[in-house]
Amino acid sequence: MDLKGRSIVSIRDFPKSDIQAIVNKALEVKSGKWAGALEGKVLATLFFEPSTRTRLSFEGAMVSMGGRVIGFADPNVSSAKKGESLSDTIRTVTGYCDVIVMRHNIEGAARLASQVSSVPVINAGDGANQHPTQTFLDLVTIQEEFGQLEGLKVGMLGDLKYGRTVHSLCRALSSFNTKFSFISPPSLRMPDYTTERLRDSGTPYVEVGDIGELKEPLDVLYVTRIQKERFADFQEYERVAGAYRIGPESLEVLGEKVRVMHPLPRVDEIVEDLDATPNAVYFRQAHNGIPTRQALLGLVTGTIQ
Amino acid sequence: MTKDSKLKVYALERGTVIDHIPSPLAVKVVEILGVQHEGIITIGINFPSAKMGRKDVVKVENLKLTPAVTDRVALVAPTATINIIEDRKVIEKRKIHIPSEFRGMLRCPNPNCVTNQEDVTTHFIREGEGSKPVVRCVYCERVYKQPADLVE
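Protein chains in written order, with the numbering used here: chain R, 1 to 305; chain W, 1 to 152.
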């Protein structure tokens with residue numbers, strides 16, 4: 001795998017072997033092997049849409065490995081406000097940095113940026129489309145917990161229709177002989193194009209409306225937030241959200257060894273009583289954003305091989 | 001229908017005949033080919049067909065359309081056949097090949113796709129190998145099962 005000079009736009013661009021190699025590299029970084037590797041490198045963070053935690057994770061990753069950061073966090077101060085095209089903004093910024101991290105509300109913006117940029121572009125979210133570094137950090141967390149990605153029983157719970165993270169994670173894990181369980185209200189089911197792809201590739205999955213319907217314990221339960229704005233009726237939202245809340249008592253059904261993950265921020269879909277259990281890995285998962293992003297920044301700038 | 005009777009109906013000195021177009025898509029095929037202003041075009045709609053029940057035919061005089069051009073109709077008429085005519089004889093007969101990608105000829109219907117927000121040439125990739133093409137926008141990655149609806 002040689003990622004030097006390559007952009008990280010979509011999980012779709014990476015074959016299984018590359019995904020596994022990137023995950024392994026992130027765990028090497030976490031073990032301290034590549035300390036200081038980004039020294040002398042400059043990262044430009046272009047956040048056309050605000051996202052404080054993603055931006056801080058990238059900036060923290062760069063700085064703690066010896067690199068420097070320039071950029072903007074508020075789209076109102078960028079030249080896009082003056083009517084400059086995205087392509088021109090990117091062409092200009094490439095002269096100031098070694099790598100670009102970009103978040104944009106428009107889908108496909110990162111793909112376009114990667115086509116006009118002379119330095120690698122890392123997509124930190126393009127609308128409802130992709131957020132590949134989130135997927136990589138999810139995979140790093142699973143690898144860390146189980147020592148492998150192969151052959152796990154993975155449940156996904158909550159908003160599976162609009163949840164960008166579950167779509168990408170599902171795509172990535174489907175190459176690793178995963179057995180999926182999708183748990184959601186009928187109105188927020190996994191989209192047909194995702195389940196059709198699983199069927200076509202012979203990947204086993206079940207769809208249920210409640211964790212009580214699961215036939216066997218899970219290795220991983222990936223929880224997502226059900227957002228109020230998806231429901232016209234507030235009472236309906238309250239009823240549905242209540243049915244998809246995970247707490248210590250859920251472990252009886254999910255299995256004592258299940259690892260509960262969440263992309264954060266959570267609201268109340270995981271009750272705080274679960275935090276102290278060994279099953280709760282969501283904060284470790286968030287912290288894995290640092291070594292994962294460091295590995296990707298190092299690989300695309302050629303400072304990590 | 002025999003070859004002779006076919007030639008009587010569609011007599012063409014030189015040019016291209018696009019046959020076996022599902023009815024009533026002949027006008028759409030002309031649009032996709034972009035030959036509206038390229039001389040005489042004859043459009044036939046609802047001809048009887050043993051294979052298809054009804055079919056449309058488009059006849060383009062004096063132009064020998066290349067596969068790169070005729071393959072564009074794959075989105076609406078993957079069953080169409082192409083006959084290249086010279087001196088009233090069919091000198092080449094070929095089927096439509098469904099291209100693996102489409103640049104600039106489809107419009108992404110996702111209003112939040114960058115191709116609808118910035119000056120970008122659209123680019124779609126064909127997904128899967130079925131006879132009914134399904135396409136994916138390279139930019140916003142949405143998949144469309146009715147790509148004929150996306151023709152600009």
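Careful: at least some of the hints might be erroneous.
Here are the simulated lysine-lysine pairs, DSS-like style, with alpha carbons at most 30 angstroms apart [stated by the list, open to error]:
| id | chain 1 | residue 1 | chain 2 | residue 2 |
| --- | --- | --- | --- | --- |
| 1 | W | Lys-145 | R | Lys-16 |
| 2 | W | Lys-95 | W | Lys-64 |
| 3 | W | Lys-132 | R | Lys-16 |
| 4 | R | Lys-161 | W | Lys-145 |
| 5 | W | Lys-51 | W | Lys-28 |
| 6 | R | Lys-161 | W | Lys-132 |
| 7 | W | Lys-145 | W | Lys-89 |
| 8 | W | Lys-145 | R | Lys-179 |
Treat the hints as calculated values from the structure; they're not laboratory data.
So, going through the hints one by one against the coordinates:
At most 30 angstroms may separate the alpha-carbon atoms for a hinted pair to count; Lys-145(W) and Lys-16(R) meet this at roughly 26 angstroms. Of the pairs offered as hints, the one joining Lys-95(W) and Lys-64(W) holds, with about 15 angstroms between alpha carbons and a cut-off of 30 angstroms not exceeded. Restraint check for Lys-132(W) and Lys-16(R): the C-alpha separation of about 28 angstroms stays at or below 30 angstroms, so the hint holds. Of the supplied pair hints, the one linking Lys-161(R) and Lys-145(W) holds, its CA atoms being roughly 18 angstroms apart against a limit of 30 angstroms.
At most 30 angstroms may separate the alpha-carbon atoms for a hinted pair to count; Lys-51(W) and Lys-28(W) meet this at roughly 21 angstroms. This hinted pair checks out: Lys-161(R) and Lys-132(W) have alpha carbons roughly 26 angstroms apart, not beyond 30 angstroms. Taking the CA atoms of Lys-145(W) and Lys-89(W), the gap is near 38 angstroms; set against the 30 angstroms cutoff, the hint is violated. For the hint linking Lys-145(W) to Lys-179(R), the alpha-carbon distance of about 27 angstroms falls within 30 angstroms, and the restraint holds.
Checked against the numbered hints above, the structure breaks only hint 7 and satisfies the rest.
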